[in-house]
Amino acid sequence: MKKLLGYIIGLATIFAVFAMIYIAGAIYDTANQETIEPYFFRTGLSAMNQTGMPRNISEIGERKMRDWLIQKFVTEYFYVVPDVENVARRTRGNTAIIRQMSNSNVMRKWEQNFVPEIRELSSNGARRTVRVFNEIFNPVDSNYWHVDYELKTWYKPNDMNAVPTITRGTMYIKIQDAGTIGRLYSNIDAVQKALLSGIDPALVFVFHVTDVMFDGE
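Numbered by the numbering used here, the letters in the sequence shown go through residues 1 to 217 in order.
Hint data in this document are derived by calculation from the structure and do not stem from the laboratory.
Be aware that one or more of the hints could be misleading.
Stated by the list, open to error - Subject to a maximum C-alpha distance of 25 Å in a straight line, what follows is the list of computed BS3-like cross-link-like pairs (lysine-lysine):
1) K174 - K64
2) K72 - K152
3) K109 - K193
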């Protein structure tokens with residue numbers, strides 16, 4: 001009886017092994033020489049968490065660097081995550097990126113007109129993403145940059161069927177010394193030290209907003 005039971009178990013094991021090989025072959029088709037391409041994701045803003053060598057500023061170009069910094073500012077201005085501590089960090093001291101990228105008037109206007117809504121949405125578990133679309137440009141005879149943005153807001157948390165509310169608008173941004181945008185604030189050693197300390201990379205570049213306006217103002 002024991003021999004018969006052992007025979008059955010052995011046979012079942014063989015079938016199980018062949019079944020696993022078959023499933024593995026169906027998932028990964030070696031006959032077609034399919035390959036798996038690995039992708040690396042950033043795990044944080046700190047330079048310690050980045051992969052690969054940073055791109056040279058001269059390769060990126062002044063215009064692209066300017067657009068990236070403007071997009072960063074607009075994103076910080078509107079985005080929402082379901083974390084009230086995130087709102088506290090964005091409005092508190094040196095962790096307030098809007099304060100670091102603009103003057104006190106811009107910061108005060110943001111805190112009065114937008115932070116209350118951001119705080120309420122965050123407390124209710126909402127999430128909002130920000131996208132800048134169309135070309136960012138400086139109209140002739142104007143001191144303001146024209147920036148079209150799109151907001152997607154999910155008001156119901158943990159609802160996989162929820163459809164975001166989409167709103168679009170235009171922000172007009174006045175930037176101090178626009179010709180110096182994208183240059184490093186300090187020497188490369190100081191920049192490397194700042195990045196290793198965990199500072200947001202956007203803050204090591206010259207970029208200072210002196211006024212923000214919207215349609216109707």
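Hint compliance check: list the failing hint numbers for this structure, sorted ascending. Going through the list in order, the structure violates hint 3 alone and respects the others.
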